[in-house]
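**Student:** Sequence:
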Amino acid sequence: MLVTILAGVDGDERRFDRFHFLPPPRRAPGRLLPIPSPRTSFVALSAATPEDDYAPKASVGIKSGIAATNLIPPAPSSSPKEAKALVRSPREGRASVGRIIPFTRGAIMRHKQASPRSNPSRPAEDEERRAVCDLSPDLPTFHTVMKVYADERDPEGAEMVLGWLLARGLLPDVVTYTTLMHAYAGRGDTEGAEAVLRRMLEGEGGRVREGEVLRVLPNVMTYTTLMTAYAAGGDVEGSEAVLERMEEACIAPNVMTYTVLMTAYTLRGDVKGAEGVLRRMLSAYVAPNANTYTTLLHAYTVNGNAAGAEEVLARMEAAGVLPTALTFATLMTVYAARGEVESAKGVLARIEAAGLGPTAMAFDTLLNAYVVAGDVGGAEQVLRRREAEAYPDFPLTYNTLMNGYADKGDVAGAEGVLARMRAKGVGPDETTLSTLLHAYAEAGDPLGAEAVLLRVQGKGGEKGDGGEFAGLSLTVLMFNTLLSAYAARKDVKGAEQVLARLVAEGERAGEGGNLKPNAITYNSLLTAYTNAGDMPGAQQVLKRMVQAGLSPDTYTFNTLIAAFVARREVRAAEKMVAYMQEHGVLADVVTYSQLLQGYATKEGDMGKAEEVLERMARDGVSPNSYTYNYLIEGYVKAGEMDWAEDVLERMRTVGLAPTSMNYCVLMDAYTRRRDARGAEKILDRMKKEGVQANVQVFTTLMNAYAKRGDVEGAEGVLARMLAVAEEEGGGSKDCEPNVHTYSTLMNVYARAGLAAGAEGVLTRMTAAGWAPNVITFTTLMTAYSRAGDPEGAELVLKRMEAAGVSPNVLTYNTLLSATSRMGLREGEVEERRAKRVLQVYDTMRRSAGKGGGLEKAPDEATYTVLLTCLLRFPKRLTKEVYKLILEDWRRLVPTRNRSDRNYQSFITVLAAMGDWEEMATVFREAQARFQKGQLSPREYSKVEATFREKGGYYVRDGEE
1 MLVTILAGVD GDERRFDRFH FLPPPRRAPG RLLPIPSPRT SFVALSAATP
51 EDDYAPKASV GIKSGIAATN LIPPAPSSSP KEAKALVRSP REGRASVGRI
101 IPFTRGAIMR HKQASPRSNP SRPAEDEERR AVCDLSPDLP TFHTVMKVYA
151 DERDPEGAEM VLGWLLARGL LPDVVTYTTL MHAYAGRGDT EGAEAVLRRM
201 LEGEGGRVRE GEVLRVLPNV MTYTTLMTAY AAGGDVEGSE AVLERMEEAC
251 IAPNVMTYTV LMTAYTLRGD VKGAEGVLRR MLSAYVAPNA NTYTTLLHAY
301 TVNGNAAGAE EVLARMEAAG VLPTALTFAT LMTVYAARGE VESAKGVLAR
351 IEAAGLGPTA MAFDTLLNAY VVAGDVGGAE QVLRRREAEA YPDFPLTYNT
401 LMNGYADKGD VAGAEGVLAR MRAKGVGPDE TTLSTLLHAY AEAGDPLGAE
451 AVLLRVQGKG GEKGDGGEFA GLSLTVLMFN TLLSAYAARK DVKGAEQVLA
501 RLVAEGERAG EGGNLKPNAI TYNSLLTAYT NAGDMPGAQQ VLKRMVQAGL
551 SPDTYTFNTL IAAFVARREV RAAEKMVAYM QEHGVLADVV TYSQLLQGYA
601 TKEGDMGKAE EVLERMARDG VSPNSYTYNY LIEGYVKAGE MDWAEDVLER
651 MRTVGLAPTS MNYCVLMDAY TRRRDARGAE KILDRMKKEG VQANVQVFTT
701 LMNAYAKRGD VEGAEGVLAR MLAVAEEEGG GSKDCEPNVH TYSTLMNVYA
751 RAGLAAGAEG VLTRMTAAGW APNVITFTTL MTAYSRAGDP EGAELVLKRM
801 EAAGVSPNVL TYNTLLSATS RMGLREGEVE ERRAKRVLQV YDTMRRSAGK
851 GGGLEKAPDE ATYTVLLTCL LRFPKRLTKE VYKLILEDWR RLVPTRNRSD
901 RNYQSFITVL AAMGDWEEMA TVFREAQARF QKGQLSPREY SKVEATFREK
951 GGYYVRDGEE
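Going by UniProt numbering, the residue at position 225 of the sequence shown is 225; the numbering climbs one at a time, nothing skipped.
Keep in mind the hints are simulated off the structure, nothing from the lab. Warning: the hint list may mix true and false statements.
As the list claims (entries may be wrong) - Here are the simulated distance ranges between beta carbons: (1) L282 x G537: 52 to 58 Å; (2) S806 x G951: 50 to 56 Å; (3) A388 x A290: 25 to 31 Å; (4) G537 x E389: 32 to 38 Å; (5) G537 x G346: 45 to 51 Å; (6) G471 x C250: 29 to 35 Å.
Unchecked claim - Derived EDC-like pairs (lysine to aspartate or glutamate); straight-line CA-CA distance at most 20 Å: (7) K345 x E275; (8) K345 x D710; (9) K408 x D393; (10) K932 x D553; (11) K602 x D553; (12) K516 x E569; (13) K272 x E311; (14) K879 x E939; (15) K408 x E352; (16) K681 x D710.
Nothing here was measured: the structure is a model prediction, and the numbers come from that model. Quick reminder that beta carbons are idealized off the backbone N, C-alpha and C, glycines included.
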């Protein structure tokens, strides 16, 4: 007995589906599950009330031995899970497809007794009763059931249906195998899909004629489905090989075949390859359809090329192919990924103008645009509009919104989104949990993230105990997110503990579990070591990764290279590039850009930087805006403004339009020179060339006025920013002043020693909704220091602590300077002022310990400031004090970070104390670093001049 729920589209274009539920035979071979009795049949009845005008109407009819229940739309869709439940447990009804009632032979007999007796005048009714009692599914029936499993990427279920088919003596045909292949292809399982093709050609199922196996010949859909398996993983070579096999079999590819091939190129990000597929289609006289153009458009969006995507849309319309809602939604993604809200809203307006929406996908994409732009409020507005349209609620929508809060480290906002999901009956998924963990990680609260994992585990088990996360399991992604939280805090020990827990959970889950460290796990652990400055430990993580059977990827090596470049160890970075290439890992644009950055901005070797650019060209790696930005920055630092300007022309030559970031580097060069007019000229050039200035550009311009102490000019820049932000109508917030802008403006007043003006900026900043950060408070402290008010600077430190903002090394350095800047006041003794300087330094030393609140130990600037302070109070500078300071300097400041001013300060102090031996030791260290290229000639010449001035080249008897 078979029940078929038919499918179609009603007059209002509402979709309804068709599902077949059938009991398998009594004894089925192979991998069949326990099955119901063959005497059991099903009749689907409507779950709606008779008064409901939209209720599906059920009618039973017999046609070719199949009992069909025709549901008049709208009928809700089902899934293989529902199909499995009905096949395995026929007495369990599912309301989503109507009530499924067991209809046994006993029920049929009672129905016959309640019906009129057999009557010669009613032969059709008697025939119907006989058919209901003895029905068998045919091949198309099995195909339909198999397709349900295939659409859900469930090859095991599809294989089960094939087993039923063979057990009934039916011979599978090309549709059977193609549908089965579709199940494997959906998973990207190329081996499984290829195995299905071999089974077709080998004649599975005993299809024999006169001793000869009758093979099932694949058709165009078979090969296209096989190609899908390769294309899902961006395997262009495998997809092209399938196309060649099609042509060898004399099967002409159709529009779907070419579109799938184009998908392979698209997923690889190969726009030229995707365009080449389109040309091949046209040359083969195969007309592209909407899906083809949408796939090509997607290729451009993957590369972030909005102009190219728009051009594809124009070509599509010129070819007479109407864009679909999916086409526009795909176009919207390129703007959403860049946080260009206004452009994304423009695409949404075009969807509405075309009468295609807005759709749920369009709303979700627009919501993501606001999230990427950092505008959670705008994202909330999109969600409210989406809810007003009464679209179904999906976890994806709320996960995207939660990510907006998570990126800001707003744990309360993320938890609030989770509460709204539960209130609407939207169950959280693994992505929800990972995003919630991300919120705690960004907030720097790994303990809070640990608590989320405990909520998932419930009472310590692997799955939730029926609470808010019932049925969800721990995943590797969750552990990786937690590990990243510790990595961000430079907590290597915590990161190692997370890895150990992941391994333990994986061992408990057994071989069939998925809780195993992956490449991302080790990359996050490696980041923890590089953030902590432990390069030997980071290199050990690389070895452990290989020993675990995992292949380091480009990201792994790029993390190490970036760490070496940040430490000015460019030669070590070069060795890492060579090592990755020796092991078959291709260097990408990020790899070369970081290496170029090292030569250009860290070592100032522009010749080597240009050589890196040539290597990129030889290796076929195209530089991007960041690559050229490092090159511009290098020339700017070298004072070669003409060469820096020339880089912009070189960018245009290769088809890269200079961005606001590139111009900002040029503007910064004028800012360093305190040349506000030159910075203004750069802004004028940007306007002429149509490059939109953003908050970074305006803040850099403001800094040019700040360095000149021009309060009026800096205030004028702020006024222009606010005017531009208002002109944009609140859409893009690129020009809205942020905390860095206000801190820069505060710096103008601070440099002038105008503490009252700095306090006024702080008031405006908080009124605009920005919370002061450590830079803001430190700048305010500088204002009091310059105003000669050390007590005011001390009060700023207390205000910081009250606001929950932890001071950093620069804060304490500023406080040191404030404490010693002013001369002695009336009634104040020198001892008291010097004692306070040492107290501030001692607080720094103690806070630099683990859990002390100070992330970094006193740096090279600390000792320059400290020694300068103490030289003002020579009576306090005893031998014990300077010995302690010298010892701390050598212990806490890495040799690579010791500056020329450090050497000069210590040489001066040691000369004042008459410690010639230590003074010579300090100088020899500077001399050795100069010979290794770690100190520039200019820096070394300053150190040598101080050493000579203090008599370092002469022994105590006066002989050289």
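**Student:** So, for every hint listed, does it hold in this structure?
**Tutor:** Okay, the hints, checked on the actual structure:
1. Between L282 and G537 the Cβ separation comes to about 56 Å, which falls inside the hinted range of 52 to 58 Å.
2. Taken as a hint, the range 50 to 56 Å is violated for the pair S806 and G951, whose Cβ atoms sit roughly 44 Å apart.
3. Hint check: A388 to A290, Cβ distance near 29 Å, so the stated range 25 to 31 Å holds.
4. In this structure the hint that G537 and E389 lie 32 to 38 Å apart at CB is violated, the actual value being about 53 Å.
5. Distance hint check for G537 and G346: the Cβ-Cβ separation is about 49 Å, which falls inside the suggested range of 45 to 51 Å.
6. Restraint check, G471 to C250: a C-beta distance of roughly 51 Å breaks the suggested window 29 to 35 Å.
7. For the given pair, K345 sits about 28 Å from E275 by alpha-carbon distance, which is inconsistent with the 20 Å threshold.
8. Between K345 and D710, the direct Cα distance comes to roughly 40 Å. Violation of the 20 Å bound is thereby established for this hinted pair.
9. The hinted pair formed by K408 and D393 fails the criterion: a straight-line CA distance of about 24 Å is larger than 20 Å.
10. At most 20 Å may separate the alpha-carbon atoms for a hinted pair to count; K932 and D553 exceed this at roughly 32 Å.
11. As the CA atoms of K602 and D553 are separated by approximately 26 Å, the hinted pair breaks the 20 Å bound.
12. Taken as a hint, the K516 and E569 pair is broken in the structure, with Cα atoms around 34 Å apart against an allowance of 20 Å.
13. Restraint check: the Cα-Cα separation between K272 and E311 comes to about 14 Å, which is no more than 20 Å; the hinted pair holds.
14. Distance restraint check for K879 and E939: the Cα-Cα separation of roughly 28 Å exceeds the 20 Å cut-off, and the hinted pair is therefore not satisfied.
15. Simply put, K408 and E352 have alpha-carbon atoms about 32 Å apart, too far for the 20 Å limit, and the pair is violated.
16. This hinted pair checks out: K681 and D710 have alpha carbons roughly 18 Å apart, not beyond 20 Å.
Of the numbered hints listed earlier, those contradicted by the structure are 2, 4, 6, 7, 8, 9, 10, 11, 12, 14 and 15.
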